[in-house]
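*Asks:* Whenever a hint applies, use it, and build me the whole structure from the sequences.
Protein chains in written order, with the numbering used here: chain V, 1 to 678; chain E, 679 to 1018.
Derived from the structure by calculation, the hints contain no laboratory data. Remember, it's a predicted structure, so these values are computed and weren't measured experimentally. One thing to keep in mind: the hints can contain errors.
As the list claims (entries may be wrong) - Derived lysine to any residue pairs resembling SDA-like cross-links, with alpha carbons at most 25 Å apart: (1) Lys795(E) / Ile392(V); (2) Lys399(V) / Lys980(E); (3) Lys308(V) / Phe833(E); (4) Lys636(V) / Pro517(V); (5) Lys39(V) / Gly957(E); (6) Lys796(E) / Lys864(E); (7) Lys238(V) / Phe833(E); (8) Lys980(E) / Leu335(V); (9) Lys379(V) / Tyr911(E); (10) Lys396(V) / Gly500(V); (11) Lys980(E) / Glu374(V); (12) Lys396(V) / Phe916(E); (13) Lys242(V) / Asp978(E); (14) Lys423(V) / Lys377(V); (15) Lys396(V) / Leu335(V); (16) Lys372(V) / Trp989(E); (17) Lys600(V) / Ala574(V); (18) Lys308(V) / Lys981(E); (19) Lys379(V) / Asp978(E); (20) Lys84(V) / Asn68(V); (21) Lys377(V) / Gly798(E); (22) Lys4(V) / Ser78(V); (23) Lys837(E) / Pro422(V); (24) Lys414(V) / Lys835(E); (25) Lys196(V) / Glu182(V); (26) Lys36(V) / Gly1002(E); (27) Lys377(V) / Cys915(E); (28) Lys385(V) / Pro805(E); (29) Lys460(V) / Gln1017(E).
Stated by the list, open to error - In silico negatives: residues of chain V with every beta carbon more than 10 Å from chain E: (30) Asn68; (31) Tyr293; (32) Leu403; (33) Ile583.
Idealized CB from N, CA, C, for every residue including glycine.
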Amino acid sequence: MNIKIPVSWIRDYLKTDIAAKTLANALSSSGPSVEKIEKVKEDYVFEIEVTSNRTDSASVFGLAREANVILSNLGEKSHLVNPKGIDLVLEPDTADLLNLDVIIKDPKLCPRFTAIVVGNIKIKPSPAVIQNRLMLSGIRPINNIVDITNYIMLELGQPMHAFDYDKIKGGKMTLRASVEGEKIVTLDKKTRKLPKGSIVIDDSARLIDLCGIMGGANSQISKRTQRVVLFVQAYDPKTIRKTTQSLAFRTEAASRFEKGVDLDGIPNALSHAVYLAKTNANAKIASELIDIYKNKPKTPTITLNIKKLNNYLGEEIHPNLALKILSLLGFEAKLQNESILATPASWRIDDVKDDVDLIEEIARIYGYQNLKSEIPKGKIPISAKNPLEEVIELKKALKFLGLTEVVTYSIISKKMIDLTNPKKDEVVELQNPLTENWHTMRPSLLPSLATVIEQNQYLKEDLKIFEIAKTYIRAGDGLPKQDLMLALAISSSDFFEVKGYLENVAKILKREVRLKPISKKDPLFGKNQSADVFVDNQQVGTAGILDSKIADFFNIKNAVAAMEINLSLLYSLAASVKTYKPIPKYPPVIEDISAIFSMKTPIEDITQTVKKTGAPLVKNVEVIDIFQDAKLGADKKSVTMHLTYQKPDRTPTQEEVAETRNKINNVLEKSLLAQIRK
Amino acid sequence: MSGQIRNVLETAQKAIESVSSQEQLEKIYIDFFGKKGKFTSLAKSIKQTPQKEKAAFGKELNRIKEQITVSFTKQKELLLSKDAEKTIDITAPGKKTAIGHLHLVSQAIEEIVDIFKKIGFSLQSYPEVDWDWYSFESLNMPKDHPARDEWETFFVKSKPDNLLGSQVLTPHTSNGQVREMQRVKKPPVRMLNISRCYRRQVDVSHTPMFHQFEGMLIDQNVSIPNLKGTLDYFAECFFGKQRKTRLRPHHFRFTEPSFEVDVTCGVCLGKGCRFCKSGWVELGGAGMVHPNVITAGKLDPKKYSGFAFGWGIERTIAMRTEIGDIRLLFQNDIRFLEQF
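*Replies:* Written out as structure tokens, the structure is:
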């Protein structure tokens, strides 16, 4: 929560000579953070961030109180002055008392209720000082009575309200939880249909207040108002929050009530308001004070062990200094058996509950800048290498292979999800998407990579990109399956380029991959030029040419070769271990075999056959040329292989090589119907 | 006979001297010493040589072989030195293999992991779609607590779990805190969690997806100075030798005390300038792990304490590269990606 406060206003209560900038630094380093300082004429306006646990300092007086502690501890001269009129005794000024009946149906909804009626009001603009201060704080002045309510909220942090007494029918107020279907027109002229259980006030005829959030239009102050109910309360924070969330409507008052207000400060706020009404509107007190405060909360005593305090601070602090800091902050604190016993001030009850809360109070005022800075000395835990560390290495390797990394959103559009043709029960859909474009968690990285290619295709002909990120697949009522995937895509490319990268990746990751013909059509890949990728007997991914439907969807003009590999799965499979094999002492004999095969015979079958037949003399088979030619016949291809014949104890003889070669040729002819080229 | 020999020698030497490239030289070598080469044929004729001349012939053959070989070596060296003497334009482009680019986010992650690895923090990973309990409730944020408003959380359509609540996209890496305590079971814990996080907001400095990193240390007697030391170490490694950090009071439900971490401005090194206003730039959040969180992690807060810190990767990148609009990082324009 950010508030804007003119420094001159703070100086009404904080008596010190120090400059505004020094004050800002002191506040920021030990208390609420001054985010901006703006010079306005002779004055400075602070924009201050107040954290949600410290609504007590989200006010002029609260800040003065906080600053006074910090400055005192720094040895600066400063003291605190109370706002005028906060100790005003609220006794009627007239003999004819006006009546206001108050019924609170459930004290839990309203821990403290105060109100008083003032008469003899003359509605007019507020004095210039008040108007000015409100404007500098970002609030529009309205009239002398309404301005008092805003002024009190800023000055003391206590929201309040003013009703036109004569509009409260029957002089009666009943505070209760709303029932199903109730409506109220609030001050901003909007009709609000209330959720059941909101805190409301009705007079004898209708709802007049949506408590803690905004007053009813029917009882508001007007130019003709003469008698006013000044009204200061606290409400159950949870109930206020429920209503604001349900209505999606939050006022500054509501956001303060949601976090809780200082119950003991309520009478002060009312007294101060009456004082201002008297000064600015000639008000006369016309009723008895109403103050309903049944269940005063217990103030807890917190025990803080001195040793624990010193452990946190990393040094020994004198207990008396700790006690002094706490008492400056309004705690009642004493020392007892190596421990500090402390009771928080009324405005800190909701915030300070445990010993660590006291440690924070002592440490921040003592000054974080005064504590040492030292690297932890403890034992270093031993833990197994996380795959994510390997991913960093993999990314670097891919970079050196010429690929560029992209980072795309994990949340994708409904249209892109549909491209992946998902099963309904596997989709991880958002309940509250931001827009149609960020709708569902993606089950594949490929549609996102296709988007990147679409976007860049006219900037660069041969885009080679990759991404490593999680994908999300719903798994019943449990958390979705969130596997880490590697996807890469190459524009204007073919199957064998991506296969080459796949083989490189396999080598980097020390796993052996095999391609198998696709077992079922993947919606992202074309049918004819794609393959399932296997490690051991597990499918770890798919590689091939993106389906033309995908290319069309993204308006991509040339074929995109792509692959997607499940790294979580792949890392879980054992890596191949390298063992030493003696380097051959004798040179091999290297020979080529060329043969003509049917187009349908897979290269892998051919090389496997050669290897198997040639073993143990043939140590390596490498395909060096594949070509098709009309002369060979329409469905034929010529394949040339480089064979390495090798023996551990000597170079193979011509005869040995010839024997094996003949055996290979025979098998190729018989089992693969090859025609050996001589 | 000796005439033939002299003839071979002379032809060889002439041929060798006349060549102007290594390839031609190789060819000539084969012409003479190949299977059907001139010298080879001559050598083969030894069979027909009368017995008593054989020895002399053999000797002669060896002599010219040596001479030809010497000529070869000389010519080879000459050709090599000629190549090396050719003038070239050293400013013409080199022959190189294409190298790609790592995304700025990955570069920062790598650097951060390296820095913290040296002081014993290890990288861990946790779900990005996680239970409400890990993302909020175990972090001392009960249901409907106003502190939850600070995160604009995405919810996933799914059946809530009785104990763990709804499924959310983690709005921060802190969902790893209790998970890590549960994983390790017995401190010390030194964890680094880097992950994609998600919040429902988009503007110049926010994207609905971003990366956060978070460090957590749990041990006996962990102090605020330990946190300060760790942050100073990071700032020096990541931003540069002279950079320092400071802590300011803040509030997070899952740490107590809680801090905001600033680092001295890179331009003025803390003196104050127009880039930073007071000499400091905001970096992220930190704090001493709240005892309730340690309890949620099934550890004893009387025995163990700890600290945690974290901030956005994109923020640190923006601080170093002066990228004004964070959304650029995820637009994947190749002209942007290839700059880094």
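*Asks:* Checked against the structure, which of the hints given earlier come out wrong?
*Replies:* 2, 3, 13, 14, 15, 17, 32
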